[in-house]
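Trainee: Residue-level listing of the chains:
4 protein chains.
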Amino acid sequence: MGSSFGDLFRISTFGESHGGGVGVILEGCPPRLAIDVDAIQAELDRRRPGQSKITTPRNEVDQVEILSGLVDNKTLGTPISMVVRNKDFRPNDYGEMQNIFRPSHADGTYHLKYGVQAASGGGRASARETIGRVAAGAIAKQLLRKVNQTEVLAWVKRIHTIEADVDPNSVQIKDIESNIVRCPDPKIAKLMVERIEEVSRDGDSCGGVIECIVRNPPAGLGMPVFDKLEADLAKALMSLPASKGFEIGSGFSGTFLKGSEHNDAFIPSGKGILRTATNNSGGIQGGISNGELIVLRVAFKPTATIRKDQKTVDSDGKERTLSAKGRHDPCVLPRAVPMVESMVALVLADHLLRQQGQCGLWQ
Amino acid sequence: MGSSFGDLFRISTFGESHGGGVGVILEGCPPRLAIDVDAIQAELDRRRPGQSKITTPRNEVDQVEILSGLVDNKTLGTPISMVVRNKDFRPNDYGEMQNIFRPSHADGTYHLKYGVQAASGGGRASARETIGRVAAGAIAKQLLRKVNQTEVLAWVKRIHTIEADVDPNSVQIKDIESNIVRCPDPKIAKLMVERIEEVSRDGDSCGGVIECIVRNPPAGLGMPVFDKLEADLAKALMSLPASKGFEIGSGFSGTFLKGSEHNDAFIPSGKGILRTATNNSGGIQGGISNGELIVLRVAFKPTATIRKDQKTVDSDGKERTLSAKGRHDPCVLPRAVPMVESMVALVLADHLLRQQGQCGLWQ
Amino acid sequence: MGSSFGDLFRISTFGESHGGGVGVILEGCPPRLAIDVDAIQAELDRRRPGQSKITTPRNEVDQVEILSGLVDNKTLGTPISMVVRNKDFRPNDYGEMQNIFRPSHADGTYHLKYGVQAASGGGRASARETIGRVAAGAIAKQLLRKVNQTEVLAWVKRIHTIEADVDPNSVQIKDIESNIVRCPDPKIAKLMVERIEEVSRDGDSCGGVIECIVRNPPAGLGMPVFDKLEADLAKALMSLPASKGFEIGSGFSGTFLKGSEHNDAFIPSGKGILRTATNNSGGIQGGISNGELIVLRVAFKPTATIRKDQKTVDSDGKERTLSAKGRHDPCVLPRAVPMVESMVALVLADHLLRQQGQCGLWQ
Amino acid sequence: MGSSFGDLFRISTFGESHGGGVGVILEGCPPRLAIDVDAIQAELDRRRPGQSKITTPRNEVDQVEILSGLVDNKTLGTPISMVVRNKDFRPNDYGEMQNIFRPSHADGTYHLKYGVQAASGGGRASARETIGRVAAGAIAKQLLRKVNQTEVLAWVKRIHTIEADVDPNSVQIKDIESNIVRCPDPKIAKLMVERIEEVSRDGDSCGGVIECIVRNPPAGLGMPVFDKLEADLAKALMSLPASKGFEIGSGFSGTFLKGSEHNDAFIPSGKGILRTATNNSGGIQGGISNGELIVLRVAFKPTATIRKDQKTVDSDGKERTLSAKGRHDPCVLPRAVPMVESMVALVLADHLLRQQGQCGLWQ
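Chains as they are written, first to last, in my numbering: chain A, 11 to 373; chain B, 11 to 373; chain C, 11 to 373; chain D, 11 to 373.
Quick caveat, the hints were computed from the structure, so don't treat them as lab data. One or more of the hints may lead you astray.
[Stated by the list, open to error] Here are the simulated BS3-like cross-link-like pairs (lysine-lysine), alpha carbons at most 27 Å apart as the crow flies:
1) B:K97 to C:K335
2) D:K84 to C:K281
3) D:K281 to C:K328
4) C:K335 to D:K335
5) B:K318 to B:K63
6) A:K268 to B:K328
7) D:K97 to D:K63
8) A:K97 to D:K335
9) C:K156 to B:K328
10) C:K281 to D:K281
[As the list claims (entries may be wrong)] In silico contact screen, one side only, chain B against chain A (beta carbon under 10 Å); selected entries:
11) G30
12) I45
13) D48
14) A49
15) Q51
16) P340
Note that CB positions come from ideal geometry on N, CA and C, so glycine has one too.
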């Protein structure tokens, strides 16, 4: 109910930006999967604040502690619980905002819904909540790699008005990680960094688009009707903070094509294998992966918390002017890259087990 | 698991385009809700094939039969089951396509996943499956109207390259239903109809964008983290056949704004009420409805089944040329309007009960 | 939420004793399972009223119609929906009971919960609801038989004070079906029939105990902690109308033993196989099947609806005397045998798929 | 999937007897509930090992740490996570048992299922897992008390062959807690303690029966068909380690009565209130609470781990003789009392929210 995701490969996250810490329970992971714990930490390091000059200066090491579910670094098949302690937290930064609702932030609606609010820093709406997603996503990635050499890769495609042209077929993780904005085109990346620094200097913020692929996805994943693979991916990605739009394959731009232009012709490839000449489907047809590259895009709005003065109200409904202190990202996209990958990996791992459950008893 | 949707207000659909019929079980509807059965049938009539010259000539009356869950047209609180018999079904239309996979259709991936396929007509991927959604959605609408005078309205915003400019605040159902393409702008609607007829004459198809609003939505609906209201809406709409993209509020275009331009300033409105000066949030902040108009858009690709010759393969992986017979919509959007409304109404009804369950015990 | 059961092999039932009919949707059944439709009907015939002199004279053929999910009698992997029409329904039998609550029946609590009641005959509390369970259970049995030659068998162990001594290891379906009370001991069965006829003549009713085994259960089914196999079996069986108690293996009587007497010593049997010298565990240890015979028992109370006069109240809370008309079973146990088998088969099938999902990717 | 329980008031537990700790996430708790943290600790103290001479000498303080979900000791409505660190753990006690399966324990079946086992001490089958249940159950109790002055009370009714006669209507918590075996009859309690000490001296163990009531339960809780209140209670209690049987109300003994003897006559009590002259129903009719005292009983087998020599096998399937070291309870019942109460409270709290969700929108 709200803080859990997935059916068979299922995570439950907990924790606010204040309080003892944040974390995740991962249920349903297959037993005897060798876990690279360093790789989990590495993903958290990609997500952590304070990693570069274009992220929030809030500086947390975000050291993961695994409390259960492993023996000798192998999964037991029972719940894997991971906790990250909150450390560099400065409640005073939020003191004056306590009862003033930040425009386009969750402060107001949480108050409306629950009649109470976390002490500060956004509570469950804080980006710290995504630590649990990324830690579990790192395990999902390891499962996918083992089963089908599947790889999930995301990158920043656009920051504000600056867009990169990236070939999804050839892009590599090292290209993405070669710069702090996580755009595989280094020239465009430089412009993106400059744009973020510029809006940051102005006390403002900006958004953009992240693109994500799944390379070597198992074919046959996804269900007819409601749990179509693209539907579960859409939910996964629209659940990330600040996301405003989702596209699979040709997306919105594909609606300008006619059927004869948009359809992906099948290529003869042997019984039991599907290959297509084009990939407007984005690797999914009828809700089920066809084995081609899965391609999707997510829109992220500009960060809501900005330093510029804004008109707003407090919890009594009275007019106020807000000038946010705190330490906030002027642009969420660079840190959202591992979040996007994690959510995609979690959806794929879940559907892998679901497919195995229903269709794996006989060939 | 695939064919069920919702947590507390939950539907399970069944049925293929062939076979005895299609239908839905709706669980969790509050007791003693007066049901307007004619309104259910009216929504099915908006969805049914053969309703106009721009839809498939397959002509089915789609008469709903309610098997359980009501007494004297009031809900009992127990499952409401509704069935529509299949009637105007012509399996011969599909005979030659039986083992030839239609490009960008579900034929191939269903075969890949299950190793078996429905006799013809798309099985669960048939648009007939949406009958269950629309029947249950009609009940969700009646619940929402009773509780908060909530209204869910969708319309065709764009067909191929022809786009209408519609004011979400003032649009009325009668404007939408004033023409067969379901675009509230009558002049643009005429152009849209012509475009559909044109691609149809060419044996081709086209797609477009549907816009949907929720007027007078209850505030406080949606959950933090995974079950954000926009995340559940995204899943609901990306589960519709042919959908390729989803946006809430400012969506993809909002990513071209800066935070100071994008943020919706709060307006003083009294304790416990939130109002915003603008609505880039599309009525949802932090995953929770703020009471403003909910606004979303869905991209639908051009219909995959076209009459033009296409390269493809058969179930043995051999090259084939397909020239589809059958009777298909050249454009799914006019009939998708009630489907979009239904999915949105189902998500809202579910979150209404979830909110009531967790937060309704005391004020 | 109430009318659905199972995680991966999942059923949703619908229907009241009045109205158009009752039925079930079965989701998640593996594809390409050959279905013996006659065997489904045969199980419904074991359950149906009017089958013998010791069951209710309400006489319904209960002919199952399969609306979806099969092609050429093979499963498609998509939802299988089955409907049975209500036919021999006589609402006048219930007219005078409409607002008088039958003692120990669901009439009163349904009214309390929902503020409304099905027209008559118990609504969802009617034994007709179990038609859906038995139809789906018949498919679960076919799946279990195919996968591991697994067999689920139940019989009447005790009627009122008359108890049979049955050897679970050797009992066969033909022994059980050799008489109308479904007790494999023919001499005891005769006494049981007489006892039922006796209480029936008196306008009274009686209860008893059903025993059930699973022969050749797959080992390794069940989950640690909450979804222990015996926990899910307990829920399944305590959800049957009139059940009041559940035992696995040694059950309540095992609590009179000491650990040294109760423990089942393991017998050397080769790596990866567990065999035990005794079976107080009833085939389940730590919530997981060990491969030995699963043995359980269910207590059923005497039927609540009796012809004898009873003190009660009506929906206004006023004192009334009730003398039930209608046509009711003086003892539910003979017809409950296929219900018990069905619920056990559904739990096993569900856990089979869950085990396959989590642990089937590699050996 | 295994480690989660409940629909709206939902817990997920984690942790093994080895490793960093054990704990629970509680999702769905209503916001603004004042939490008595000391009362949570007090329940854990009732459950903890080493509390008396008849429990395991393993001595752990089991100090609960609340990581999230509260502000100023009020619930936020977001997940409450609670962790207890493992401290007095002696892996050497288990060293020699590592590959030797304890008869009637989970060692063998876990190995069969997962092909791997927790380092020692039972992993998820350890009684330490129940810490999460008891911590969350303590919050469920506080919710129930606030809403309807509802009280959940359990006690030891029988140890081995020594049974107490307890009046469920008058028993008080102070009577139960007046002695270390938690039997409200002090004379019988003394005999029970002696029996436990006797079997313990012999290196053996014993079981018994716990009885539990719910006083002032809200009426109308529970759902028709599968999620009957007694069905969810049965699952909850049969999921506790060592439980072998469950009864509601008259249970197995009620099957010796005729309908006319067993039925609970309704007493005139005013519109919208149900009262019964007797309570063979145990407070639940048709799966729904009628407002009378809920009464149930659970059978617990003798502890599987005993010091006496036992025949068994190791993970290679070879014959072994086991003489367990470790520190184990000779009888689980005294410590199981708070576990039973917790599971009952969790079921009631969940159904309270479910009832509120479906039926709380209007009266």
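Trainee: Of all the hints given earlier, name the ones this structure violates by number, lowest first.
Mentor: Per hint list: 1, 2, 4, 8, 9, 10, 11, 12, 13, 14 and 15 violated.
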